[in-house]
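Novice: These protein sequence lines map, in sequence, to chains A and B. Residue numbers 218 to 419, in my numbering, belong to the letters of the first sequence in order. Residue numbers 81 to 749, in my numbering, belong to the letters of the second sequence in order.
Simulated from the structure, these hints should not be mistaken for laboratory data. These numbers were taken from a predicted model, which means no experiment stands behind them. One should not assume that every hint holds.
[As the list claims (entries may be wrong)] Covered, in the sense of this in silico footprint (three residues per stretch, anywhere, with C-beta under 8 Å from a C-beta of chain B), are these stretches of chain A:
| # | region |
| --- | --- |
| 1 | 287-300 |
| 2 | 314-326 |
| 3 | 338-344 |
| 4 | 406-412 |
[Said to hold, decoys possible] The calculated lysine-lysine pairs, modelled on DSSO-like cross-linking and capped at a C-alpha distance of 27 Å, are:
| # | chain 1 | residue 1 | chain 2 | residue 2 |
| --- | --- | --- | --- | --- |
| 5 | B | K297 | B | K211 |
| 6 | B | K466 | A | K327 |
| 7 | B | K488 | B | K645 |
| 8 | A | K366 | A | K327 |
| 9 | B | K488 | B | K669 |
| 10 | B | K493 | A | K327 |
| 11 | B | K653 | A | K328 |
| 12 | A | K328 | B | K613 |
| 13 | A | K340 | A | K285 |
| 14 | A | K245 | A | K285 |
| 15 | B | K466 | A | K340 |
| 16 | B | K539 | A | K328 |
| 17 | A | K366 | B | K653 |
| 18 | B | K690 | A | K398 |
| 19 | B | K670 | B | K613 |
| 20 | B | K488 | A | K327 |
| 21 | B | K83 | A | K245 |
| 22 | B | K670 | A | K327 |
| 23 | A | K327 | A | K340 |
| 24 | B | K493 | B | K645 |
| 25 | A | K285 | B | K670 |
| 26 | B | K645 | A | K285 |
| 27 | B | K466 | B | K670 |
| 28 | A | K328 | A | K340 |
| 29 | A | K340 | A | K418 |
Note that the Cβ used here is the ideal one computed from N, Cα and C, for glycine as well.
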Amino acid sequence: MINILLAGVGGQGTVLAAKVLAQAAQDKGWSVRTAETIGMAQRGGNVVSHVRMGNEGESVLSPLIAHKSADLIIAFEPGEAARVLPYLAPGGLLVSATSALQPVTAALSKKPYSAVDMLEGIKRALAQTSAELVCVDDAALCAEAKTRKVLNTILLSAALSCANVNLSLNDLRAAIQACVKPRFVDMNLAAIDIVEAASAKE
Amino acid sequence: MTKQLLMGNQAFAHAALEAGVRVVAGYPGTPSSELVETVAHLHEKGAAQGVHVEWSTNEKAALELAAGAAYCGARALFTCKQVGLNVASDALMSLNYVGVKGGAVLFVADDPGPISSQTEQDTRRFASFAKVPVLDPATPEQGFAMMQVAFDLSERYRTPVIVRPTTRICHASTFFDVADQTQARALPEEGFEPDPRWIIFPRRAYLGHGEINDRLKDMAHDFAHDEQFVQFNTMFEGGTSGRSDRAGTPRLGIVAGGVSAAYVQDALSELERRAQKANVSLPVYRFWQVGTPYPFPEDLATSFAAGLERVIVFEELDSVLEDEMLMHAGRTHASYEVLGKYTHDTRDRGENDLDDTLLRLANYLGVDALVGCMSMSEEQESLMAKVPIRPPVLCAGCPHRGSFYAIKRALGKTEAVLCGDIGCYTLGNAAPLEAIDTCLCMGAGITMAQGFSVVEPHKKQVAFVGDSTFFASGLTGVANAVYNGHDITICVLDNSTTAMTGSQPHPGTGVTLMGEHRPPISIEAVLRALGVKCIEHADPLNLEESLAAAQNALNYAGPAALIFKSPCIQIVKPGVPVEIDTEACTGCKKCITEIGCPGIGFDPQARGAKSKERGQAFIDPTLCNGCNLCWQVCPFDAIAPSAPLDTQQTEQSTPVSVHESAVKEARND
Numbered sequence: 218m219i220n221i222l223l224a225g226v227g228g229q230g231t232v233l234a235a236k237v238l239a240q241a242a243q244d245k246g247w248s249v250r251t252a253e254t255i256g257m258a259q260r261g262g263n264v265v266s267h268v269r270m271g272n273e274g275e276s277v278l279s280p281l282i283a284h285k286s287a288d289l290i291i292a293f294e295p296g297e298a299a300r301v302l303p304y305l306a307p308g309g310l311l312v313s314a315t316s317a318l319q320p321v322t323a324a325l326s327k328k329p330y331s332a333v334d335m336l337e338g339i340k341r342a343l344a345q346t347s348a349e350l351v352c353v354d355d356a357a358l359c360a361e362a363k364t365r366k367v368l369n370t371i372l373l374s375a376a377l378s379c380a381n382v383n384l385s386l387n388d389l390r391a392a393i394q395a396c397v398k399p400r401f402v403d404m405n406l407a408a409i410d411i412v413e414a415a416s417a418k419e
Numbered sequence: 081m082t083k084q085l086l087m088g089n090q091a092f093a094h095a096a097l098e099a100g101v102r103v104v105a106g107y108p109g110t111p112s113s114e115l116v117e118t119v120a121h122l123h124e125k126g127a128a129q130g131v132h133v134e135w136s137t138n139e140k141a142a143l144e145l146a147a148g149a150a151y152c153g154a155r156a157l158f159t160c161k162q163v164g165l166n167v168a169s170d171a172l173m174s175l176n177y178v179g180v181k182g183g184a185v186l187f188v189a190d191d192p193g194p195i196s197s198q199t200e201q202d203t204r205r206f207a208s209f210a211k212v213p214v215l216d217p218a219t220p221e222q223g224f225a226m227m228q229v230a231f232d233l234s235e236r237y238r239t240p241v242i243v244r245p246t247t248r249i250c251h252a253s254t255f256f257d258v259a260d261q262t263q264a265r266a267l268p269e270e271g272f273e274p275d276p277r278w279i280i281f282p283r284r285a286y287l288g289h290g291e292i293n294d295r296l297k298d299m300a301h302d303f304a305h306d307e308q309f310v311q312f313n314t315m316f317e318g319g320t321s322g323r324s325d326r327a328g329t330p331r332l333g334i335v336a337g338g339v340s341a342a343y344v345q346d347a348l349s350e351l352e353r354r355a356q357k358a359n360v361s362l363p364v365y366r367f368w369q370v371g372t373p374y375p376f377p378e379d380l381a382t383s384f385a386a387g388l389e390r391v392i393v394f395e396e397l398d399s400v401l402e403d404e405m406l407m408h409a410g411r412t413h414a415s416y417e418v419l420g421k422y423t424h425d426t427r428d429r430g431e432n433d434l435d436d437t438l439l440r441l442a443n444y445l446g447v448d449a450l451v452g453c454m455s456m457s458e459e460q461e462s463l464m465a466k467v468p469i470r471p472p473v474l475c476a477g478c479p480h481r482g483s484f485y486a487i488k489r490a491l492g493k494t495e496a497v498l499c500g501d502i503g504c505y506t507l508g509n510a511a512p513l514e515a516i517d518t519c520l521c522m523g524a525g526i527t528m529a530q531g532f533s534v535v536e537p538h539k540k541q542v543a544f545v546g547d548s549t550f551f552a553s554g555l556t557g558v559a560n561a562v563y564n565g566h567d568i569t570i571c572v573l574d575n576s577t578t579a580m581t582g583s584q585p586h587p588g589t590g591v592t593l594m595g596e597h598r599p600p601i602s603i604e605a606v607l608r609a610l611g612v613k614c615i616e617h618a619d620p621l622n623l624e625e626s627l628a629a630a631q632n633a634l635n636y637a638g639p640a641a642l643i644f645k646s647p648c649i650q651i652v653k654p655g656v657p658v659e660i661d662t663e664a665c666t667g668c669k670k671c672i673t674e675i676g677c678p679g680i681g682f683d684p685q686a687r688g689a690k691s692k693e694r695g696q697a698f699i700d701p702t703l704c705n706g707c708n709l710c711w712q713v714c715p716f717d718a719i720a721p722s723a724p725l726d727t728q729q730t731e732q733s734t735p736v737s738v739h740e741s742a743v744k745e746a747r748n749d
């Protein structure tokens with residue numbers, strides 16, 4: 218069983234990312250199930266998508282991932298990465314964007330919201346564990362892609378480049394061609410190339 | 081056949097179409113809306129032949145329309161969310177007495193949590209109250225199968241049938257094989273046949289009640305013995321009984337319904353796996369999923385309960401199965417003990433989940449040691465305390481923000497009660513707008529304001545209502561205000577769509593799901609026809625205009641209306657973001673504390689000539705869509721507008737195809 222959790226803010230594109238992952242799992246012949254936050258919470262609230270894949274031929278019934286059992290978490294925002302940390306499996310991988318989205322509640326309060334604090338806090342929380350945090354400079358990568366619409370594909374690519382979930386960037390490319398609207402396919406494929414080139418440089 | 085990744089609701093639409101449904105009508109409501117949208121999409125593509133699909137004005141209209149279609153012998157499907165059935169309940173109660181001819185299925189989506197609803201009511205309970213059978217899927221696949229047999233069941237017993245999934249079934253996706261083309265089932269030649277039985281009279285109701293009681297008994301039998309339904313009532317044994325060293329018959333039973341059945345089965349597999357690894361044995365247990373909760377399949381309960389000493393029940397919302405097991409124990413003088421919500425052995429409200437189910441099952445089976453420590457480390461806990469809350473908010477550029485702000489400004493220190501309603505604009509309750517004092521149910525704002533005005537006439541009474549809600553259930557309230565002469569101000573927030581549920585068209589848009597366009601029903605003409613004499617208009621993103629209109633409407637003695645018209649930002653192209661002039665921004669935070677737009681943040685580290693050490697506001701250009709409200713609010717001209725207000729409004733005034741957004745695939749989301 219591979220459990221992948223996507224966490225972000227309504228409107229960031231987690232739903233499509235979950236769909237792409239489900240397609241990639243299906244192409245591998247695995248059973249797969251996803252669950253989304255839809256409705257009121259989507260209006261700028263925190264949202265999560267659960268993707269569960271039966272990569273060893275097992276059936277998957279529950280749509281939701283249990284705490285401490287996500288092999289991979291892809292967070293679209295640092296505060297949202299922190300919020301879903303209880304889901305991370307011991308030895309799991311957390312891939313997080315570094316750009317913050319300041320909630321109105323934080324703008325109104327006297328205490329400022331700092332993405333750096335969040336990421337530092339995550340590092341501290343993971344220090345004594347075998348789980349790992351990988352930060353993705355989403356601002357730079359989206360700038361290179363010239364649109365933030367591909368944030369989801371950039372994060373998926375970055376995550377699959379370093380996660381041990383038996384899904385490659387080529388699997389991602391095939392899944393995007395299969396389930397993203399034709400007029401958006403090239404833009405998303407280009408985003409994968411950008412991440413691939415960036416990780417080759419490292 | 082094509083294999084497709086479908087969300088539960090999309091799959092249920094395919095299932096109904098494959099079952100030959102001819103008429104589909106509903107009113108949007110999370111988590112139910114995608115079913116009707118999918119039927120509309122497939123109809124538009126030409127894949128669903130012979131089907132009529134519509135968003136009706138409200139749930140009552142939709143169910144009555146579906147009933148008429150079913151009287152003719154057509155297969156008809158009604159959809160709504162759980163609270164929508166309250167609106168349609170008048171029709172449902174009598175419809176069951178009258179009976180149907182063509183299959184009539186009610187798809188009613190429940191929302192444990194609740195995640196997007198005002199109540200945690202249980203439609204299984206509603207079904208038993210209305211004496212209508214109900215099917216309750218554990219997975220989207222099971223829901224797919226249930227949608228198909230529901231039509232057969234309806235026709236076999238001439239009864240309406242409810243299919244009740246919950247949010248986690250409706251919004252879970254998996255792959256389905258679905259037909260590429262569907263055709264509505266042929267209508268019976270004779271069509272509608274006039275007969276006294278279609279007319280509900282006291283005498284007819286008495287006879288009908290007998291028919292209902294008889295068929296409920298027959299259906300309970302079918303649910304226990306007919307393979308078509310037994311497949312939804314899975315029973316199996318596990319623990320050491322699953323192996324060769326079978327240790328007697330089970331003493332422990334587990335009953336589950338809905339998505340909880342999936343959680344229980346996954347948790348049991350997990351416990352079996354862990355037990356094997358730790359070389360401990362699980363006690364033998366018997367599991368039963370009840371997919372047909374009403375009428376309760378008594379015969380299955382008897383086979384399930386044989387030899388059991390304890391039974392634990394996992395279900396969300398009400399204690400429906402728990403009650404049935406208690407009654408079964410009483411009726412059969414059985415001695416088994418029932419654990420569940422009443423005994424605090426399962427959650428009494430909210431959603432169930434895998435974590436909780438695993439813990440409780442491990443405890444029930446006496447293998448607590450198999451569940452490790454679930455608590456967080458100290459570092460994790462201190463991090464959690466710092467994570468900012470991120471409640472849903474009105475979108476950046478949402479015209480409702482301007483409407484609320486204008487009313488608040490126009491009222492100033494005047495005492496007022498602001499009655500809200502159901503829709504995106506309920507979010508006007510949040511700081512800093514705090515422009516909603518009440519929210520009860522669809523259409524209640526207008527009528528509740530009248531109650532406030534009777535008792536507290538010294539205060540201003542303002543009611544907010546969205547355009548879709550206005551048509552769904554606002555009209556009677558307006559008529560009441562005019563008829564009884566109540567001094568209220570009705571603010572219609574007309575954003576040309578049903579925004580909260582995903583941009584569905586409604587009578588005020590003139591767009592229908594069948595692809596026709598007809599003249600929209602004018603909200604102003606309706607208000608005028610109902611006798612409202614004072615009707616003001618304003619563009620909510622034009623502050624000056626909105627303030628003037630608000631003053632006029634508030635000052636009018638008697639029922640007055642103010643129509644705030646500006647399209648939802650989800651259906652128009654975003655404008656150019658505004659910019660902060662860092663030389664001019666004083667860091668006064670007024671743009672934040674007055675209107676609370678998610679597109680504006682505050683950076684305490686920013687420095688400028690005027691702001692000194694205070695920090696400065698900043699615009700998130702990925703969120704800002706250039707509505708310019710903040711520009712009008714800033715007292716220091718520190719925000720550069722995205723475009724002169726006049727030109728921008730005309731550019732924005734035409735919504736892009738409302739119908740196009742009916743199925744949300746269009747967005748990169």
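Novice: Each hint should be assessed against the structure and marked as holding or not.
Specialist: Each hint tested on the structure:
1. Only residues whose beta carbon comes within less than 8 Å of a beta carbon in chain B count, and the region 287-300 of chain A has 4; three or more means the coverage holds.
2. With 8 residues having a beta carbon nearer than 8 Å to a beta carbon of chain B, the region 314-326 of chain A meets the requirement of three or more and the stated coverage holds.
3. With a threshold of 8 Å between beta carbons, the proposed coverage of the region 338-344 of chain A by chain B holds, since 5 of its residues qualify and at least three are required.
4. Evaluation of the coverage hint for the region 406-412 of chain A: breached, as 0 residues show C-beta separations to chain B shorter than 8 Å, against a requirement of three.
5. Between K297 of chain B and K211 of chain B the CA atoms are separated by roughly 11 Å; this keeps the pair inside 27 Å, and the hint holds.
6. Of the pairs offered as hints, the one joining K466 of chain B and K327 of chain A holds, with about 14 Å between alpha carbons and a cut-off of 27 Å not exceeded.
7. Of the supplied pair hints, the one linking K488 of chain B and K645 of chain B holds, its CA atoms being roughly 18 Å apart against a limit of 27 Å.
8. Between K366 of chain A and K327 of chain A the CA atoms are separated by roughly 32 Å; this puts the pair beyond 27 Å, and the hint is violated.
9. Distance hint between K488 of chain B and K669 of chain B is fulfilled; the C-alpha atoms sit about 18 Å from each other, no more than 27 Å.
10. A C-alpha spacing of about 26 Å is found between K493 of chain B and K327 of chain A, which places the hinted pair at or below 27 Å, so the restraint holds.
11. Proposed proximity of K653 of chain B and K328 of chain A is contradicted: the alpha carbons are some 34 Å apart, above 27 Å.
12. The straight-line distance between the Cα atoms of K328 of chain A and K613 of chain B is roughly 49 Å, outside the 27 Å bound, and the hint therefore fails.
13. Under the criterion of a C-alpha separation no larger than 27 Å, the hint pairing K340 of chain A with K285 of chain A is consistent with the structure, at around 17 Å.
14. With a C-alpha separation of about 25 Å, the suggested pair K245 of chain A and K285 of chain A falls inside the 27 Å cut-off, and the hint holds.
15. A C-alpha spacing of about 14 Å is found between K466 of chain B and K340 of chain A, which places the hinted pair at or below 27 Å, so the restraint holds.
16. Taking the CA atoms of K539 of chain B and K328 of chain A, the gap is near 36 Å; set against the 27 Å cutoff, the hint is violated.
17. Between the alpha carbons of K366 of chain A and K653 of chain B the distance comes to roughly 15 Å, so the proposed pair stays at or under 27 Å and holds.
18. Distance check on the hinted pair: K690 of chain B and K398 of chain A sit about 48 Å apart at the alpha-carbon level, beyond 27 Å; violated.
19. Note on K670 of chain B and K613 of chain B: the hinted pairing is violated, with a Cα-Cα distance of about 37 Å set against a maximum of 27 Å.
20. With a CA separation close to 24 Å, the supplied pair K488 of chain B and K327 of chain A stays within the 27 Å bound.
21. At roughly 14 Å between alpha-carbon atoms, K83 of chain B and K245 of chain A fall within 27 Å of each other, so this suggested pair holds.
22. Taken as a hint, the K670 of chain B and K327 of chain A pair is honoured in the structure, with Cα atoms around 14 Å apart against an allowance of 27 Å.
23. The hinted pair formed by K327 of chain A and K340 of chain A meets the criterion: a straight-line CA distance of about 25 Å does not exceed 27 Å.
24. For the suggested pair K493 of chain B and K645 of chain B, the alpha carbons sit about 26 Å apart, so the restraint of at most 27 Å is met.
25. Pair hint K285 of chain A plus K670 of chain B does not hold up; C-alpha atoms about 43 Å apart against a cutoff of 27 Å.
26. The hinted pair formed by K645 of chain B and K285 of chain A fails the criterion: a straight-line CA distance of about 48 Å is larger than 27 Å.
27. Restraint check for K466 of chain B and K670 of chain B: satisfied, since their Cα atoms lie roughly 25 Å apart, inside the 27 Å limit.
28. With a CA separation close to 21 Å, the supplied pair K328 of chain A and K340 of chain A stays within the 27 Å bound.
29. Straight-line distance between C-alpha atoms of K340 of chain A and K418 of chain A comes to about 24 Å, which keeps the hinted pair within the 27 Å bound.
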